[in-house]
Amino acid sequence: MNKLPEIKETPSRFRNTIGKYIIKRSSKCISCGLCAKLCPYGVHLRYDNYSKPIRPIEHKCIGFECKNNEYYCIDKCPQQALTLRLNPILETMGDYRWTSEMLIAHFEMAETGNLPNVKLEYDLGNSGGGFDKIRFINPDADKYINISDEEIDTSVQLNKTGDDRPVTTISIPCYGGGMSYGSTALPVMVGRARAAKVLNTLTCTGEGGYPPELLPYKEHVITQVATGLFGVREETIKYSPVMEFKYAQGAKPGLGGHLLGAKVTPAVAAMRETVVGSSLFSPFPFHSVYSVEDHKKHVDWMKEINHDVLVSVKVSTPIDVDMVAIGAYYAGAHIIHIDGSYGGTGAAPDIAKKNIAMPIEYAIPKVHRFLLNEGVRDKICLIASGGIRNAMDVVKAIALGADGVVIGTAEIVALECVRCTNCESGRGCARGIATTDPELGYMITEEYTEQRIVNMYMAWRKQWCEILRSFGMKSLKELVGRSDILVHLDYLDESERAKYKPAPNVEMVI
Amino acid sequence: MPKKYHIHASPVPPRVKPIGKYTTIEFREDCAGSCRKCVKKRCIYDVFKDNYTHMSIMEEPEYLYTCNSCFRCVQECTKGIFSRAINPEYRTLGDKYWTPDIIYKTWLQAQTGKIPVSGAGYRGPFVGSGFDSMWTDMSEIVRPTRDGIHGREYINTCIELSRRPLGLSFNEDMSLKTEVVPILEIPLPILFQQPEFGILSKNIPISIAKAAEKIGTLMFIKSQDLNSDLMAYAANLIPCVNKNNYKNHTEIIHKCKMVEIDYEPGIEKEFSELRKINNDLFISVGMPLNKHSSSRALEIAQTDVDTIHFYADNNGREYDSDNPLFIKEKIREIHLALVKKSIRQKVNLLFSGGMAMAEHVAKAIICGADGVVIDSALLVAMECRMCYRCKSGLSCPAKFENAELPYGSQRIVNLMGAWHSQLLEIMGAMGLREARRLRGEVGRSMWFEDLEKECFGPIFGERKVSLKL
Chain A
11 MNKLPEIKET
21 PSRFRNTIGK
31 YIIKRSSKCI
41 SCGLCAKLCP
51 YGVHLRYDNY
61 SKPIRPIEHK
71 CIGFECKNNE
81 YYCIDKCPQQ
91 ALTLRLNPIL
101 ETMGDYRWTS
111 EMLIAHFEMA
121 ETGNLPNVKL
131 EYDLGNSGGG
141 FDKIRFINPD
151 ADKYINISDE
161 EIDTSVQLNK
171 TGDDRPVTTI
181 SIPCYGGGMS
191 YGSTALPVMV
201 GRARAAKVLN
211 TLTCTGEGGY
221 PPELLPYKEH
231 VITQVATGLF
241 GVREETIKYS
251 PVMEFKYAQG
261 AKPGLGGHLL
271 GAKVTPAVAA
281 MRETVVGSSL
291 FSPFPFHSVY
301 SVEDHKKHVD
311 WMKEINHDVL
321 VSVKVSTPID
331 VDMVAIGAYY
341 AGAHIIHIDG
351 SYGGTGAAPD
361 IAKKNIAMPI
371 EYAIPKVHRF
381 LLNEGVRDKI
391 CLIASGGIRN
401 AMDVVKAIAL
411 GADGVVIGTA
421 EIVALECVRC
431 TNCESGRGCA
441 RGIATTDPEL
451 GYMITEEYTE
461 QRIVNMYMAW
471 RKQWCEILRS
481 FGMKSLKELV
491 GRSDILVHLD
501 YLDESERAKY
511 KPAPNVEMVI
Chain B
-12 MPKKYHIHAS
-2 PVPPRVKPIG
8 KYTTIEFRED
18 CAGSCRKCVK
28 KRCIYDVFKD
38 NYTHMSIMEE
48 PEYLYTCNSC
58 FRCVQECTKG
68 IFSRAINPEY
78 RTLGDKYWTP
88 DIIYKTWLQA
98 QTGKIPVSGA
108 GYRGPFVGSG
118 FDSMWTDMSE
128 IVRPTRDGIH
138 GREYINTCIE
148 LSRRPLGLSF
158 NEDMSLKTEV
168 VPILEIPLPI
178 LFQQPEFGIL
188 SKNIPISIAK
198 AAEKIGTLMF
208 IKSQDLNSDL
218 MAYAANLIPC
228 VNKNNYKNHT
238 EIIHKCKMVE
248 IDYEPGIEKE
258 FSELRKINND
268 LFISVGMPLN
278 KHSSSRALEI
288 AQTDVDTIHF
298 YADNNGREYD
308 SDNPLFIKEK
318 IREIHLALVK
328 KSIRQKVNLL
338 FSGGMAMAEH
348 VAKAIICGAD
358 GVVIDSALLV
368 AMECRMCYRC
378 KSGLSCPAKF
388 ENAELPYGSQ
398 RIVNLMGAWH
408 SQLLEIMGAM
418 GLREARRLRG
428 EVGRSMWFED
438 LEKECFGPIF
448 GERKVSLKL
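Sequence lines, in order, name chains A and B.
If you count by my numbering, then the first sequence holds residues 11 to 520, one letter each, in order.
If you count by my numbering, then the second sequence holds residues -12 to 456, one letter each, in order.
Just to be clear, a hint being listed does not mean it is correct.
Unchecked claim - Calculated lysine to aspartate or glutamate pairs in the EDC-like style (CA-CA distance at most 20 angstroms, straight line):
hint, chain 1, residue 1, chain 2, residue 2
1, B, 440, A, 330
2, B, 83, A, 517
3, B, 440, A, 500
4, B, 263, B, 300
5, B, 333, B, 63
6, B, 27, A, 449
7, B, 451, A, 131
8, B, 242, B, 200
9, B, 440, A, 494
10, B, 451, A, 506
11, B, 8, A, 101
12, A, 511, A, 456
13, A, 472, A, 131
14, A, 248, A, 174
15, B, 451, A, 494
16, A, 34, B, 286
17, B, 256, B, 286
18, A, 487, A, 163
19, A, 487, A, 476
20, B, 28, A, 449
21, B, 451, A, 504
22, B, 8, A, 517
To be verified - For each label pair, taking beta carbons as the anchor points, the in silico distance ranges come out as:
hint, chain 1, residue 1, chain 2, residue 2, range
23, B, 291, A, 520, 44 to 50 angstroms
24, A, 289, B, 229, 50 to 56 angstroms
25, B, 378, A, 520, 38 to 44 angstroms
26, B, 379, A, 80, 35 to 41 angstroms
27, A, 311, B, 282, 58 to 64 angstroms
28, A, 77, B, 33, 53 to 59 angstroms
Unchecked claim - Cβ-to-Cβ under 8 angstroms is the rule here; a few derived chain B residues that face chain A:
hint, residue
29, 61
30, 70
31, 163
32, 449
No lab work stands behind these hints, which were simulated from the structure alone.
Don't be surprised by glycine CBs; every beta carbon is placed ideally from N, CA and C.
Whenever a hint applies, use it, and build me the whole structure from the sequences.
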């Protein structure tokens, strides 16, 4: 990626943004405009020929850290009309995995393409295990290489088999997870594809068909073939550089998919070749696949339809996920995509989301080691997903043994999803993301979606580059499987543990 | 083909205003009032429907029990006068074990009979104590499953509570020599028991008994608490007696299918006396879960008992210990002790205490239980807040004294309908069609300690911080 995609400021769709701090302007304000002149972060706006004060852009305020600056608006206001405090709303946002600070930081990254100015903990969640307890070792300062971001290689090669199919390379170690037509608004789907094109990566149709609006971006769209076979046709497989067999989704393996009748609008029904208003179930499993041999027939079938297509096999993470991975390899897959249990979902029984399948943090090293021992690790691309939330999770997953990751929730968070968990409800998402309702779907545009996602990945890329530089690496490929540069806080003595950033530990109301 | 077992739910609205997690706070003095874009009217969940027409008379702050936390009112109000907070009442629900989330979700299940479904992935901690330190395992392409609950194949949740012979023997004429004992089968691996608190009206135990009758399960009840109203449900009751008082309760013992007798050394001598009162009687021996449980289970299992019932405390911990083990570990210990002596098949194991969610049923069975017994969850179905005020003689915020019989029984039936459906979901995902096959099937589970050792051990070495299990 020599020329990086362009970052464009893409503000929130909503009138009032949510920030870490609240800054209020009282009626004592005389609209002198001093705060607008002083603040370098753009918290206070003042337009020419507009005498009334404008409400502060709260999410840009760096808060009490600003106190020692000469431009600290609270102290400088001649009328003492400004007050600053921590936003109490933070307590009501987010959860153990996606804390409120992580959400706000991602909103900011998606808006600006840069890491937030505000001090926010966005590298770690509050889950108390897995990625949230894993750290990179403190790097040797002598190994640091001072090269620009443009010189750092963050690409991933998807076809390592050496067969005669294309050696497809994506420029960032992430591609978009499957979100079907029907589960998300069409502008979201198209916007994600546009972002994938700009970023030279991929996105996935999910199991809901291939809307014609995606055709201009078809080089970057994966066709998903799942058990319901909704909307899958030969032509959609011919469009795609990669096709994905979805055997299971990590958040609800063994259960299959379910699209509520309320979301099956005429357009969705037409795309899926079903009946309007009728709930749609994707069975589990493929009834034509009961063995690795059956699976191979599936893979061969796809390869025959499209001689250039790469085959990805998406599976969840049972205890024998390593055996599943090797089975997929011998069946001829180019990509084995393992999806852990804490990933996103449009709708799933709570009992499944919490209890079924292995967290991806365990599955990655397990599969990586097994493939290494079998001598095939360099012949297959290992992609991980399910609970990978931020830039640091991505590089931790790669250091544990993945080649790249699939991102779903974080892309949606970039579009200002607040994880209110109502995606399954009748009209769908109140924020216009996971909905087929025409009114709600108008809340979002393709342009906004595209740029917010591009911005977020560009901000993430800055973190990846810094990590690589600090370990003297020029390519993410050098990081694959380098678990020797990771530590887990629970595996360190107390004195050793003190050298690393502590794990957040806040009792949350859930 | 026999008719599928199905629990028929019918929505039962709450009697008292439910306590939602979030409140939307409105700072009304700044309201423009006439901006014509009032977010209250535009709320897609219609949570303001009861109050946006009479703004001037509302109290502050306003608690919106059905707020779905989408933040649109906060972010779209033209004057920015909305904010949100955690409902202070929500924080007062339950305790660390019976969390507000468990209680709130139980209310919803009891109201609707539906499985809690949501989007956006899992929101909780990576791992927790007790049942939260194990994951269940699902089928995969190398271990094909059935169609689950949406398919054609029947997933059976029946369990037996009757003893079984360990083998068959035959006479010379090849007729069966082994005495075949009657079979007591219940359609789901969940039994009820009288809660330790919250019995604030006679309708509470009757509601539980009536629900047990409706769904075909049984209810443990202390013999001294039996009354004429409850006697109508005798076939679904398991009176709990002891060596000294069972002769005072011959009427109920004659009518019921099963009786429970408190453990005492040599208690097996009383079994034949009990069966003299009722020839078809099934016998359970009840005892607290403590450090002696395994040895006592081995001792009792040698007798002609049908079922052994262990009582843990309300949070699922063993009694009489400074460092109590959780029920999950105890079930495993007792189950394996019986397996080791090759007598596990002979008796049935029931466990009560701390069974708060549908997943606990599945996990307890995976650990080795035949079934579980629930109590506090029944109260929560009837809108109990687990505030324990009644224990101190204070008033009940859920007004249990006014609970009507049809309300209580149907709320419990609904809850069991939701739990049954979740059991089917989880077993379908495992590729299992029999709850009985799930018993002790640890191959369908993953345990925190094992995964850490196997997956992280080769990378990080020895774990220095142990999880409080």
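Checked hints:
At most 20 angstroms may separate the alpha-carbon atoms for a hinted pair to count; residue 440 of chain B and residue 330 of chain A meet this at roughly 15 angstroms. With a CA separation close to 11 angstroms, the supplied pair residue 83 of chain B and residue 517 of chain A stays within the 20 angstroms bound. With a CA separation close to 12 angstroms, the supplied pair residue 440 of chain B and residue 500 of chain A stays within the 20 angstroms bound. With a C-alpha separation of about 33 angstroms, the suggested pair residue 263 of chain B and residue 300 of chain B falls outside the 20 angstroms cut-off, and the hint is violated.
With a C-alpha separation of about 65 angstroms, the suggested pairing of residue 333 of chain B with residue 63 of chain B is violated against the 20 angstroms cut-off. A C-alpha spacing of about 17 angstroms is found between residue 27 of chain B and residue 449 of chain A, which places the hinted pair at or below 20 angstroms, so the restraint holds. Straight-line distance between C-alpha atoms of residue 451 of chain B and residue 131 of chain A comes to about 26 angstroms, which puts the hinted pair past the 20 angstroms bound. Straight-line distance between C-alpha atoms of residue 242 of chain B and residue 200 of chain B comes to about 14 angstroms, which keeps the hinted pair within the 20 angstroms bound.
The straight-line distance between the Cα atoms of residue 440 of chain B and residue 494 of chain A is roughly 17 angstroms, inside the 20 angstroms bound, and the hint therefore holds. Among the hinted pairs, residue 451 of chain B with residue 506 of chain A is consistent with the structure: their alpha-carbon atoms are about 11 angstroms apart, no more than 20 angstroms. Taking the CA atoms of residue 8 of chain B and residue 101 of chain A, the gap is about 11 angstroms. The hint holds against a cut of 20 angstroms. A hinted pair counts as satisfied when its Cα atoms are at most 20 angstroms apart, and residue 511 of chain A with residue 456 of chain A does not qualify at roughly 38 angstroms.
Between residue 472 of chain A and residue 131 of chain A the alpha-carbon distance is near 16 angstroms, which keeps this suggested pair within the 20 angstroms criterion. Of the supplied pair hints, the one linking residue 248 of chain A and residue 174 of chain A holds, its CA atoms being roughly 17 angstroms apart against a limit of 20 angstroms. Taking the CA atoms of residue 451 of chain B and residue 494 of chain A, the gap is near 18 angstroms; set against the 20 angstroms cutoff, the hint holds. For the hint pairing residue 34 of chain A with residue 286 of chain B, the CA-to-CA distance comes to about 72 angstroms; that exceeds 20 angstroms, so the pair is violated.
A distance of roughly 13 angstroms separates the Cα atoms of residue 256 of chain B and residue 286 of chain B; the hinted pair therefore holds under the 20 angstroms criterion. For the suggested pair residue 487 of chain A and residue 163 of chain A, the alpha carbons sit about 8 angstroms apart, so the restraint of at most 20 angstroms is met. A distance of roughly 15 angstroms separates the Cα atoms of residue 487 of chain A and residue 476 of chain A; the hinted pair therefore holds under the 20 angstroms criterion. A hinted pair counts as satisfied when its Cα atoms are at most 20 angstroms apart, and residue 28 of chain B with residue 449 of chain A qualifies at roughly 15 angstroms.
Between residue 451 of chain B and residue 504 of chain A, the direct Cα distance comes to roughly 9 angstroms. Compliance with the 20 angstroms bound is thereby established for this hinted pair. Proximity of residue 8 of chain B to residue 517 of chain A is assessed by CA-CA distance (about 15 angstroms); at most 20 angstroms being required, the pair is judged to hold. Checking the proposed 44 to 50 angstroms range against residue 291 of chain B and residue 520 of chain A shows it holds: the Cβ atoms sit about 47 angstroms from each other. Residue 289 of chain A and residue 229 of chain B have their C-beta atoms about 53 angstroms apart, which keeps the hinted 50 to 56 angstroms range intact.
Distance hint for residue 378 of chain B and residue 520 of chain A: a CB-CB separation of about 26 angstroms, inconsistent with the stated range 38 to 44 angstroms. For the pair residue 379 of chain B and residue 80 of chain A, the supplied restraint of 35 to 41 angstroms is violated, since their beta-carbon distance comes to about 59 angstroms. Range check, residue 311 of chain A to residue 282 of chain B: Cβ separation about 59 angstroms, and the 58 to 64 angstroms hint holds. Distance hint check: the CB atoms of residue 77 of chain A and residue 33 of chain B are about 44 angstroms apart, inconsistent with the given range 53 to 59 angstroms.
Contact between residue 61 of chain B and chain A, as hinted, is supported at the beta carbon level, the nearest pair being about 7 angstroms apart and thus within 8 angstroms. For the restraint placing residue 70 of chain B at the interface with chain A, the shortest Cβ-Cβ distance is roughly 6 angstroms, inside the 8 angstroms limit, so the hint holds. The interface hint given for residue 163 of chain B is broken, as the beta carbon of that residue sits about 39 angstroms from the closest beta carbon of chain A, more than 8 angstroms. Using the Cβ-Cβ criterion of 8 angstroms, the hint placing residue 449 of chain B at the interface with chain A is satisfied: the shortest such distance is roughly 7 angstroms.
Violation of the numbered hints given earlier is confined to hints 4, 5, 7, 12, 16, 25, 26, 28 and 31; the remaining hints are satisfied by the structure.
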